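Trainee: Whenever a hint applies, use it, and build me the whole structure from the sequences.
So the sequence lines, in the order shown, correspond to chains A and B. Under my numbering, residues 1 to 323 are what the first sequence spells out, in order. Under my numbering, residues 324 to 653 are what the second sequence spells out, in order.
Keep in mind the hints are simulated off the structure, nothing from the lab. Quantities reported herein were computed from a predicted structural model and do not represent experimental measurements. Incorrect hints may appear among the rest.
Label-pair distances were calculated between CB atoms; the ranges are [stated by the list, open to error]:
#1 Gly347(B) - Glu152(A): 13 to 21 Å
#2 Ser379(B) - Ala123(A): 34 to 42 Å
#3 Leu411(B) - Arg290(A): 54 to 62 Å
#4 Ser44(A) - Glu471(B): 16 to 24 Å
#5 Gly19(A) - Arg417(B): 50 to 58 Å
#6 Val397(B) - Arg290(A): 56 to 64 Å
#7 Thr64(A) - Val397(B): 54 to 62 Å
#8 Thr64(A) - Tyr339(B): 49 to 57 Å
#9 Leu16(A) - Ile612(B): 52 to 60 Å
#10 Asp633(B) - Gly263(A): 36 to 44 Å
#11 Leu393(B) - Gln107(A): 37 to 45 Å
#12 Gly347(B) - Val106(A): 19 to 27 Å
#13 Ser111(A) - Arg614(B): 34 to 42 Å
#14 Leu16(A) - Arg343(B): 23 to 31 Å
Ideal Cβ positions, reconstructed from N, Cα and C, are used throughout, including at glycine.
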Amino acid sequence: MSSLLELEELNVWFDLPRGGTLHAVQGVSLTLDRGERLGLVGESGSGKSTTVLGLLGLLPPTATLSGRVLLNGVDILAGGEETVRPHRWVDLAIVFQGAMNALNPVQTVSSQIVEALELHGLATGRQAKARVGELLESVGIPRDRGDRFPHEFSGGMRQRAAIAMALACNPSVLVADEPTTALDVMVQAQILELLDALCRDFGLALLLVTHDLPVVAQLCDRAGVMYAGEIVEQGPVEELFHDPRHPYTRLLFAATPDLYGEGVPVSIPGTPPRLDRTLAGCPFQTRCDRSFSRCKDERPLLREVAAGRSAACHLNDVPAEVA
Amino acid sequence: MSSNGLLAVEDLVVHYAVPRGLVGTVARRPQKLVRAVDGVSFSVGRGELLALVGESGCGKTTTAQTVLRLLDPVAGRISFDGEDITTLPNSALRPLRRRMQIIYQDPYESLDPRLTVKSTVEEPLLIHRSGSKRERAELVRDALARVELTPPDLFLERFPHELSGGQRQRVAIAASIVLGPDLLVADEPVSMLDVSVRAGVLRLLDSLREAGLGILMITHDLSTAARFADRIAVMYLGRIVEEGPAEAVVRDPQHPYTKALLSVVPRRDPRERSRAQILTGEAPDAIRIPRGCRFHPRCPVAIADCREVDPALERHGAAPGHRAACILAG
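Mentor: As structure tokens, then:
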């Protein structure tokens, strides 16, 4: 049986204004099953947001895309906008980082969601109103509050409203791009709890894109770690933390402060490589504490290193006793 | 209060007036006040890093700006190195300003894009008319070396757009330490930076602290405070509700707000999924501060007395210097 959502070898190139191209996403493959919570973590410029825009068919015209995005086994990008549009919001819904600020300020929250329902021909009039009430309640907003304007809501409430709107068409996948980044820790906890409940209660699959490793560790079942446009490691979050198979994953965890952790976090020296030129060898080699001669010449490919786990690092070929 | 107090703040109060608008003014509606800082006391010693933590709107940034006399307090006392600076006029503050410096959150905005690294770091020296040209050049080099932008010659003529986020923040820090200050206020110094470079900037602040600087760090990130601060002060709605040694505040919190806040901090280890004690709603605004304990409407353990008694920050917990403002603590 095929997965709910499958990305196969997704590549995205951007044309640069002064000529040349930037290879922002480099052969990203991932799968998402029904009700599963998958994290996509990476630092700025790692390609995680571009991956998401790519799979939703929302890239600007300066971008070129290759690869396939399969929804229930059907390639939704095959026919461009024509074939994606019927699925966007209907099957694949999105909550962006600034979503709470994307609400129309001169329209009540309810009427904006009604509009979305009518636009997709899902409900009209009284029926739509009733559905909006349900949606608001499912995200923890009292029904009657829908008659208010966005500015009468706090940041957390607006983010809930944005999630309610994303759920309007009953999607099977919710893509959330940094959904809690601008929020305070208590409100973040409320939103994470909500996302958790939505996955559990409605079997919604979640693709959570964030730079925040601990958020993924708390909420997701599996995660892909992105670096320089590619996924360098993928697996269950517990195993990524306790037994990382790529040095970047290990160093990223070591750079992240933990409330009760021992010792002081250590930063990763250097900067990511430029993506507007072809890379020789491993993109992480200049910052890696374990690189060896092979890393300079040969680019490691993402391959299975254990059941349900993959990593792109030559160290996985070295017998344990030698390493 | 520590005896080597470099900065001592007592009962600080800062209000903002809410604009009434034309109608409100004509109708003589009562002036509404935002009680942003509502009776805050703390101290920062030499070689000490105090983290002021809290959610947005709790008054932490206002506190920091008032301490530097960038805002004027309504009441309270600020002493810097034993001198009361609460009402010092600007002319008298000027010589003190070089001894108290600030680093801002966003190194993409705090640096002038048209100035080279050299000019940026040299500017404070020029403003304070410090040293000859040669001496200034030496001080700039020295500051760059201290923030680990080495060799300095490699960076002197660069512009901000040629630097990474971490390098920019290091330049901002170099400009703030070039005058040899005693106190550094760091307002969310790493929140705009990538995780992989944050630790480096925080370690740099730590080395400056070790060299004797007093640092007041404003942050919303409890994990960072736990790992880098000597002491932590937790603010809620204009007050410090708990304050003490970082280890004690994190491992043995006394105030229900601190406990709740700590319980929702995501952990690195997926096996340590927190039993989050999620408070409902958000902090009320500082115009209508609840009577009694200001936290009681959201407090999971509040009793009837909490509606009446406004608790003072008092000694609680086992660690010396650990205080909390809760009638139920201890």
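Trainee: For each hint, tell me whether it holds in the structure or not.
Mentor: These are the hints, each one checked on the structure:
1. Gly347(B) - Glu152(A): 13 to 21 Å: holds, 19 Å
2. Ser379(B) - Ala123(A): 34 to 42 Å: Since the Cβ atoms of Ser379(B) and Ala123(A) sit about 37 Å apart, the hinted range of 34 to 42 Å holds.
3. Leu411(B) - Arg290(A): 54 to 62 Å: Hint holds: Cβ distance 56 Å, inside 54 to 62 Å.
4. Ser44(A) - Glu471(B): 16 to 24 Å: holds, 22 Å
5. Gly19(A) - Arg417(B): 50 to 58 Å: With a Cβ separation near 52 Å, Gly19(A) and Arg417(B) satisfy 50 to 58 Å, so the hint holds.
6. Val397(B) - Arg290(A): 56 to 64 Å: holds, 58 Å
7. Thr64(A) - Val397(B): 54 to 62 Å: Once the Cβ atoms are compared, 60 Å apart, the range 54 to 62 Å for Val397(B) and Thr64(A) holds.
8. Thr64(A) - Tyr339(B): 49 to 57 Å: holds, 51 Å
9. Leu16(A) - Ile612(B): 52 to 60 Å: Holds: the Cβ-Cβ distance is about 53 Å, inside 52 to 60 Å.
10. Asp633(B) - Gly263(A): 36 to 44 Å: Hint holds: Cβ distance 40 Å, inside 36 to 44 Å.
11. Leu393(B) - Gln107(A): 37 to 45 Å: Holds, at about 39 Å.
12. Gly347(B) - Val106(A): 19 to 27 Å: Since the Cβ atoms of Gly347(B) and Val106(A) sit about 23 Å apart, the hinted range of 19 to 27 Å holds.
13. Ser111(A) - Arg614(B): 34 to 42 Å: holds, 38 Å
14. Leu16(A) - Arg343(B): 23 to 31 Å: violated, 52 Å
Violated hint for the displayed structure: number 14, the only one.
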